[in-house]
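Participant: For the protein sequence lines, the chains are A and B, in the order given. Heads up, the first sequence is in this note's numbering, so the first residue is 1 and it goes up one at a time. Heads up, the second sequence is in this note's numbering, so the first residue is 1 and it goes up one at a time.
Just so you know, the hints here were simulated from the structure itself, not pulled from any lab data. Just so you know, even glycine gets a beta-carbon here, dropped at the ideal spot from N, CA and C. Do not take every clue at face value.
Derived DSS-like pairs: lysine-lysine, alpha-carbon spacing no greater than 27 Å straight-line [said to hold, decoys possible]:
| no. | chain 1 | residue 1 | chain 2 | residue 2 |
| --- | --- | --- | --- | --- |
| 1 | B | Lys2 | A | Lys57 |
| 2 | B | Lys56 | A | Lys57 |
| 3 | B | Lys67 | B | Lys56 |
| 4 | B | Lys105 | A | Lys9 |
| 5 | A | Lys71 | B | Lys56 |
Only some residues are given here: those of chain A computed to face chain B with a beta carbon under 10 Å [said to hold, decoys possible]:
| no. | residue |
| --- | --- |
| 6 | Tyr33 |
| 7 | Met41 |
| 8 | Leu45 |
| 9 | Gly58 |
| 10 | Tyr64 |
| 11 | Thr86 |
| 12 | Arg102 |
| 13 | Tyr104 |
| 14 | Phe106 |
| 15 | Gly107 |
| 16 | Val114 |
Some chain A residues flagged as far from chain B (calculated, every beta-carbon gap over 10 Å) [to be verified]:
| no. | residue |
| --- | --- |
| 17 | Ser67 |
| 18 | Asn70 |
| 19 | Gly103 |
| 20 | Thr105 |
Spelled out, the chains give:
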Amino acid sequence: NAGVTQTPKFQVLKTGQSMTLQCAQDMNHNSMYWYRQDPGMGLRLIYYSASEGTTDKGEVPNGYNVSRLNKREFSLRLESAAPSQTSVYFCASSEAFRQGGRGYTFGSGTRLTVV
Amino acid sequence: QKEVEQNSGPLSVPEGAIASLNCTYSDRGSQSFFWYRQYSGKSPELIMSIYSNGDKEDGRFTAQLNKASQYVSLLIRDSQPSDSATYLCAVRDSGGGADGLTFGKGTHLIIQP
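So that you can see chain B by itself, here it is in the shape it has in the complex:
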């Protein structure tokens, strides 16, 4: 059973600070990693993808991947109240076909004005 673990939170961060969200996964063969943002009552929205060890930056967002430690993180710089949402980590293994992503249960992030 593939597992993706996230701290459910809530994680409370002051406006303007860096929010750090973490995720661990059990399948060592995993190849693709995604971060989704989900506002209350809305559908998940893809914000970052990462496939290689190291950092990937996109605006205020940085995804970090360490396959040896089976760990992926998301940093949000200059946090804004509009970043308050649940962040879902998702993992795709190395198999072919389309057997779906495995999602973590999400971390609830609150940005305090």
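Here chain A stands alone, though its shape is the one from the complex:
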């Protein structure tokens, strides 16, 4: 089925460990995004990629790095996990935004706990 695939779905890390969250889309979208969702805080943009080869910081980029590997894949890396990074992470993709853009398609999310 066409869509956005995220892996893993669940992860528990110890403080200081590193990991990479993977995201792939097969809708030929140009733009991809990483959000985190915390209770009472809503969805907040971490990083985005307007097109292959470009990445930019969003609202809450500290502690994260990203790689746009190709048009399909956009990964999020935590180099040294902290308890404050316990959250649900969503990857999303969209066509290049223009007047009348169609919004995002979200992946199923990764539930990350840092202990």
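Here the structure of chain A is known, so what remains is to put chain B in place on it, guided by the hints.
Facilitator: Frame of chain A; chain B shown alone:
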């Protein structure tokens, strides 16, 4: 700092009634507006988009936009228990590129059977 404000709720509506969800936004240059539905433990799902002032209808859903008042709403007619979810309002500004949507924190809607 762009802001999108929603009443967090919970908003409780009897089955069969009209549910009215509201959203205000701070960026007067905003051009595109979206409503997402999110069930507990699931990812957001796009249900409506609106770009011009006025109403847009899709089945039981109607989105309403008033750019002068910086206000967007979602009406759900003939509410069903399956409509119980958190509804997220999202706004895209007029800039080019892909700097992301700004989301409200969501309104928790409960449809009482």
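Participant: Now tell me if each hint is right for this structure.
Facilitator: The hints, checked one at a time:
1. B:Lys2 / A:Lys57: holds, 16 Å
2. B:Lys56 / A:Lys57: Violated, at about 33 Å.
3. B:Lys67 / B:Lys56: holds, 14 Å
4. B:Lys105 / A:Lys9: Measuring from Cα to Cα gives roughly 23 Å; hence the hint holds.
5. A:Lys71 / B:Lys56: Not satisfied, since the Cα-Cα distance of roughly 33 Å exceeds 27 Å.
6. Tyr33: Since chain B brings a Cβ to about 6 Å from tyrosine 33 (chain A), closer than 10 Å, the hint holds.
7. Met41: holds, 7 Å
8. Leu45: holds, 4 Å
9. Gly58: Check passed: Cβ of glycine 58 (chain A) comes within 6 Å of chain B, closer than 10 Å.
10. Tyr64: Hint violated; tyrosine 64 (chain A) Cβ to chain B Cβ min 14 Å, cut 10 Å.
11. Thr86: violated, 16 Å
12. Arg102: Where the cut-off is 10 Å and the nearest Cβ of chain B is about 7 Å from arginine 102 (chain A), the hint holds.
13. Tyr104: For tyrosine 104 (chain A), the interface hint holds, since the closest Cβ of chain B sits about 7 Å away, which is under 10 Å.
14. Phe106: holds, 4 Å
15. Gly107: holds, 6 Å
16. Val114: Since the shortest Cβ distance to chain B is 19 Å, the answer is violated.
17. Ser67: holds, 17 Å
18. Asn70: Holds, because the least Cβ-Cβ distance between asparagine 70 (chain A) and chain B comes to about 17 Å, which exceeds 10 Å.
19. Gly103: violated, 5 Å
20. Thr105: violated, 7 Å
Comparing the model with each earlier hint shows violations of hints 2, 5, 10, 11, 16, 19 and 20; every other hint is respected.
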